[in-house]
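Chemist: This is what each chain is made of:
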Amino acid sequence: MTTTSSTVAEERKLDMITLTIDGKKVEVPKGTTVLEAAQSAGVYIPALCHDPNLKPYGACRFCVVEIEGMRGLPTSCTIPATDGMVVHTETPMVNQSRRITMELIMANHHGDCLTCAKNQQCEIQTIARYLGIEQEHFDRLRKCKELLPIDDSHPAFTRDLNKCILCAKCVRACHEIAGVGAIDLAFRGNSAKVSTFGDKPMIKSICESCGECVELCPTGALMPVSAKQPTQEVKTICPYCGVGCSIYLGIRGNEIVSVRGDKESPVNKGGLCVKGRFGFDFVNHPDRLTKPLIRKKGWSKNVEVDGNFKDIFREASWDEALDLVADNLARIRAEHGPDSIGVLSSAKFTNEENYLVQKLARAVLGTNNVDHCARLCHASTVVAAQAAFGDGAMSNSIADFAKSEVLFVIGSNTTECHPIIGRIIRQGVKSKNIKLIVADPRSIQLAKLATVHLRHKPGTDVALLNAMMHVILEEGLHDRKFIEERTEGFNELAETIKRYTPEMAQEITGVSKAHIVRAARLFASAERAAILYGMGITQHTTGTDNVKSLANLLMLTGNIGREGTGFSPLRGQNNVQGACDMGALPNVFPGYQQVVNQEAREKFEKAWNCTLKDKPGLPVTEMIEAASQGKIRAMYVVGENPIMSEPYTVHTKRAMQQLDFLVVQDIFPTETAVLADVILPAAVFAEKDGTYTSTERRVQKLNKAVEPPGEAKPDWQIISLLANKLGYPFTYQSTAEINEEMTSLTPIYGGMQYDRLEDYGLQWPCVDRTDPGTPTLHQDKFTRGLGKFHAVEYKPPAESVSTDYPLILTTGRVLEHWHTGSMSRRTRVLHDLYPNGAVDIHPDDALKLGIMDGDLVTIASERGKIEAPVNITDKTSPGLAFMAFHWKESPANALTNSALDPVAKIPEFKVSAVKAVLTVLDRAAQDNAFLARLAENPAEALKEYDLTTEEKVAIASGDIRKIESWVGKLDERLKKWLIARLQQEKW
Amino acid sequence: MNFEEIKKQAMSQWEAIQNSSKPRILIGTGTCGIAAGAEDVLNTLGEELNKNSIQADIIQVGCIGLCYAEPLIEIVKPGMPGVFYGNLTPELMAEIVRDYLVADNPRPDLALGTRGEGTIDGIPHLFDLPVLKPQVRIAMRNCGNIDPMDIHHYIANGGYEGLSQVLKKKPQAAIDEVKKSGLRGRGGAGFPTGVKWQFCHDSPGTQKYIICNADEGDPGAFMDRAVLEGDPHSVLEGMLIGAYAIGASEGYIYIRAEYPLAIERLKIALEQMEKYGLLGENILGSGFKFRLHIKEGAGAFVCGEETAMMASIEGNRGMPRSRPPFPAQSGLWGMPTNINNVETLANVSAIIQKGANWYASYGTEKSKGTKTFSLVGKVMRTGLIEVPMGITLREIIYGIGGGIQGGKKFKAVQTGGPSGGCLPASFLDSPVDYETLESAGSIVGSGGMVVIDEDTCMVDMARYFLSFTQLESCGKCIQCRWGTKQMLDILEDIISGHGREEDIELLVELGEAVKSGSLCALGGTAPNPVLTTIRYFRDEYNAHISEKRCPALSCKALVSYYINSEKCVGCGICARACPTEAIEGGKRMLHVIDQDKCIKCGTCLDVCPTKFSAVTKISGQPVTALAESIPIDSKA
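Those protein sequences? They're chains B and P, same order as listed. When we follow this note's numbering, the leftmost residue of the first sequence carries the number 1, and every step to the right adds one. When we follow this note's numbering, the leftmost residue of the second sequence carries the number 988, and every step to the right adds one.
Hint data in this document are derived by calculation from the structure and do not stem from the laboratory. Any given hint might turn out to be false.
Derived pair list, reagent style DSS-like, types lysine-lysine, alpha-carbon separation capped at 30 Å [what the hints assert, rightly or not]:
1) B/LYS448 / P/LYS1282
2) B/LYS145 / P/LYS1543
3) B/LYS432 / P/LYS1276
Label pairs and their in silico Cβ distance ranges [what the hints assert, rightly or not]:
4) B/ASP139 / P/ASP1620: 56 to 64 Å
5) P/GLU1489 / B/GLY181: 40 to 48 Å
6) B/ASN53 / P/ASN1344: 52 to 60 Å
Ideal Cβ positions, reconstructed from N, Cα and C, are used throughout, including at glycine.
Given these sequences and hints, build the entire structure.
Modeler: Next up, the structure:
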């Protein structure tokens, strides 16, 4: 033993070098730069272009030093320290050089420090002070006269290149950290400057507005539009997607004035996306609910709410509002039984609050009818992965992606929906460390970086994956040892996929055989490959099958249970993982303890001192159905907006309007809230404590930064008050108390107490206070023991195109917005960057439909219709339309299909048959059957209607004036369209 | 086909040309030739041959170096030495065809010289001419002799022989041979080539790269272009030898897009190499594999710098990066990479063919072999020269160059391109080698050599070169980007009469700061023209600043023209020519220049008949002319 440890020590010694800096002996690891060595020894060397997160650059020339035996003035930020090196940081030559550098900067620097927003934070000032620059030093130099215009095109930050010193930190951040490359250095000599492509204004560039450049700029060249200085900072977790970025909120008074990424965070390493950096003014938005509201008598729920919100609701005291809620819930429970009440928890709540909501449902109200929007995103993942592996969560860690050789991204627009993960992939591909396979019907950004892009038709994932596995088996690329030792059910799988030849899959998926073979070989030949996926996989009637197929592919190639491999369902909301973990699901208690399991039930009955139902409750999708049938009479909806997020919203709305009693607890008057009988004003993430569980199972602590507005309260307090009113005492004095109770009852969270989570959290399972957490699941064995292959057959989506509905609509998100838009659309920068929704249509379809870019179109499915402007783009495929579901003015979910996956009960958001018609035509056609028929099928219209020869000629020749004389005045755009349509017809 | 068979085929083809019964006509159609009108001459030649029914072999060759005499042809009649004719026009061409090819009169009055065995009365031997006598041709050994678009010509003249020998030995043998030759990088830095190869050879890595630097960007320099246009294979063979030596399987030729002819010829050369198995998986059956790409530069001067060049090849903005790591450790795409200049590689193929000792017999102790220079400026014979290292500046300027144009006085020579220094007459007898030039404050550089006469203002000269380097700075280092701009602003002030007393010291201080504070050689050398002119011509700076006088009478802001009333005859020529109507005075009137209107274009000086020479140009002194025009008769 002693020998080993001394060898280790010796080896470590070998990796250390000693150098002398200004007479001090400094010991540093090999590979350290001279600058880093000096910093570690407490020797200050001024530097402007250096940042520890960027590659050494050596441009500002401030960090020059003299090194014995080396000519000239090497830059300490780029020179690796070597053993025995003797460095002098303060020689006359060094100081002379630095002084001239500073003089040159000042001679070329425009702007008065006092009026510069960067004043006192400016790194030029710091160095100038350090060097002792005086007026006379630079008076002798010629002053630069030329002034460049200030670029204020971007809503979040301004660029004043007159203050730029070309340290290129912004450029390097954009390339090295963000992997975007929206800016680069351009031009030469004195004209050299940081420029967008074509030197266009920032907003016209490919900038993704992540603000990394602004964060690193050492001068006032890049400044946030609002640059108030905070008086204190609070570390917490970003409230948007499920990546779980650690942030510092800068607070002044009761206002969030700044945000910065936490550089120490293992998740985001200081990086943030546009939402994380600029997406927080919703917290102080005037729309925030500040008082409990009660629906006034006589206001029907069918009334359109638009500006008359205040007429419909009246303010009430907490006592009155909660009494009303408690009375009604108690009444309905008494009249119709506990299962007539449905509770929707929230993926935006903390774990502690989710724990309370499901406890309220189960222990207080007595129903398992508790669910949340995970139903709509990863219900199929939870079901399928529990069947295959025993755990429904991401198997590995985010940091692992950088360690993979091959990443297979399927059904995930990662760069827009999980930007910080998208960044890791982008950087990996750009630095040639990662090969990428992308399967997506759309040409998303990652597809452009992929080695293979499988552009399959929506809903054909099983066929595609089976065919890949077919190739892998056929070519003997599967991992025999892994299959034999770690799995079961292989033979059945092998039997099934035998029939899925690439030829057959080509027919179904539209992906060429060659592409399938290439992707299969690439994936199977990697030593470490991982799969990342999102809603493109899960939101199908075959969602469970899709996920099972991914599990099959991973096990077939032995790509699970090791670093750089694994199963990565990317969770959409900041705490959707936690909401599932906490049992905000109809079938499980916290920690996935089954309600049907007697032992589990008894444990909770004992802990909660109540009797618990032994049958699973209804998932949200079925609650809506039950509500429409009158079986669910009351709903308590906390932090969810089903009117926007459920499919077939007309139906959802109708169902919720029918409820006897609806309580909505939220931060804004959402589309769902306006249907409520009582609205309870809640606090946002920044106004409370608790924990969030990110997509990588990392449980992290969020910390209260500001007070809620008005009388709004943190959700855990509201739930507690309500429980008390319902006669079940929730006596929690703090969220820590809830956390204690929750962790004591949830084995996978057993060691997740607050004091252990303050830094960067822990990844579950973490069973006790000595457990360091589990970055990688399924290492030696699967949670369920052996991994199980599921032989899965391809089934087509529930809906397919018809002559009436010739397009497939698929839905998703955009980078700048989030979910139902209630937060992001109330944020100035995000709104300015992306004010309205649009429907993406392929140029081929647009041509067929006579639609031009920017036209307002009516998109209709069997379930409803909406209007939206058209964005013509080949990002989609022919026959495929795309919309994000953030826009209440054009809610995509009015169209989506409510058909459900039979097991996971997740709706098929991703495939709906729709048609797109020019809105002016649609409106005109509503008033005029003849016009509608004429537009639809001119030749048939001619036959069907009894027309004179003159009229027939007028139609065939496109004589609009004549046509107008029968159908009335036509809109200009419609005229143009009709002429084109009539000319197109083969008479 | 193995190499012996290829060689045999090439030899027989070459001999057939040499021994042909038809006359052979070599015409220089390099860029210099074409610019001087070689294409018209070539057309006329064809027409005349047709008209006179003469069968002849016409071979288009590269530049032989006598650019001042382009368009240039050599006519070799069977059994006769070749006869060179220069400064051709279509008319002259027609005349020569008729006189020499039809009538057998070699026109000694028009001929420049002869080449080959035998003599012709009245025509000297070309290589006995002062312009060529001191020259030794190694890099340019085939330029002007062979058809650069025919690989057979190169092979028949010993080409690829060296490679075929190298491939039979260990890579180290080639490195040792190049080390022994003492060859130093011809791109400017003068780093020993063999040592550079050794670094890359010793660097661990399975994938290595070799890059040929053909991004010749110095204004007025055209050495590499001439070699690539005139003998591309000599460079390519050198590159293959280098690749084999360091273990590279892939190479790039980084060439500026402004050299279309060189690019075209390289492309042809690569095709022919592929055909003969000189590129690809198994070169000459040795198992050595090598692929070669041509990468065209987009016109940035700084891309001639190694690390910037690699960034550019990688598809990034061409900007230098810090060393270490050196390219030999981590170069193109992070792999060990070796970069050699065109001329270096052309020398390599010669060294391997003829031996290190042969090569080392030329040059000086520390600077072996020869160096090409583009000799330009105010010298009589401009052109491309190749001379042994150690030759004196005087031999080059007065011997090869034939002295200063128009009998003017030599003032300085600027060596090494825009970042070289200006050396005064006291250096005329200094040897041209790396150490001497560096100690004088200049550089050998890639081989630009600009001769400056007494009419050139040294301050303006420095400003001109600095304006180039300032414009070409990539902008990365503050000193280079803003330091050179600051220096340029000061120089502009000085030449326009706004210099300040402290400016000279400031220029020196800034110049030293730019040199020591810049990352790459662009900034590291950009102040050289300023610093050397201050060192050797400080009095000119002083005159500009203190006396507002330009001693060379060149800086417009500091000169004035006036009409000497003693000499003016009132002819009115100057007044009519003046573009701004600044000259007053009618017939028989004494003319006067209105100094406010005068734009100092010098037209009056040029047009005033020499018999009067009434216009005078002055600087640093007040104009002492008449205030207004008066009749000549009123002159007392």
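Chemist: The hint says 40 to 48 Å between P/GLU1489 and B/GLY181; measuring C-beta to C-beta, is that right?
Modeler: holds (45 Å)
Chemist: Is it true that the CA of B/LYS145 sits at most 30 Å from the CA of P/LYS1543?
Modeler: holds (24 Å)
Chemist: Next pair to validate is B/LYS432 with P/LYS1276; report whether the Cα-Cα distance is within 30 Å.
Modeler: holds (24 Å)
Chemist: Quick check: does the Cβ-Cβ distance between B/ASN53 and P/ASN1344 fall within 52 to 60 Å?
Modeler: Hint holds: Cβ distance 55 Å, inside 52 to 60 Å.
Chemist: Hinted pair, alpha-carbon criterion (30 Å max): B/LYS448, P/LYS1282. Please report holds or violated.
Modeler: holds (25 Å)
Chemist: How does the Cβ-Cβ distance of B/ASP139 and P/ASP1620 compare with 56 to 64 Å: does it lie in that range?
Modeler: holds (58 Å)
Hint check: no violations occur; every hint is consistent with the structure.
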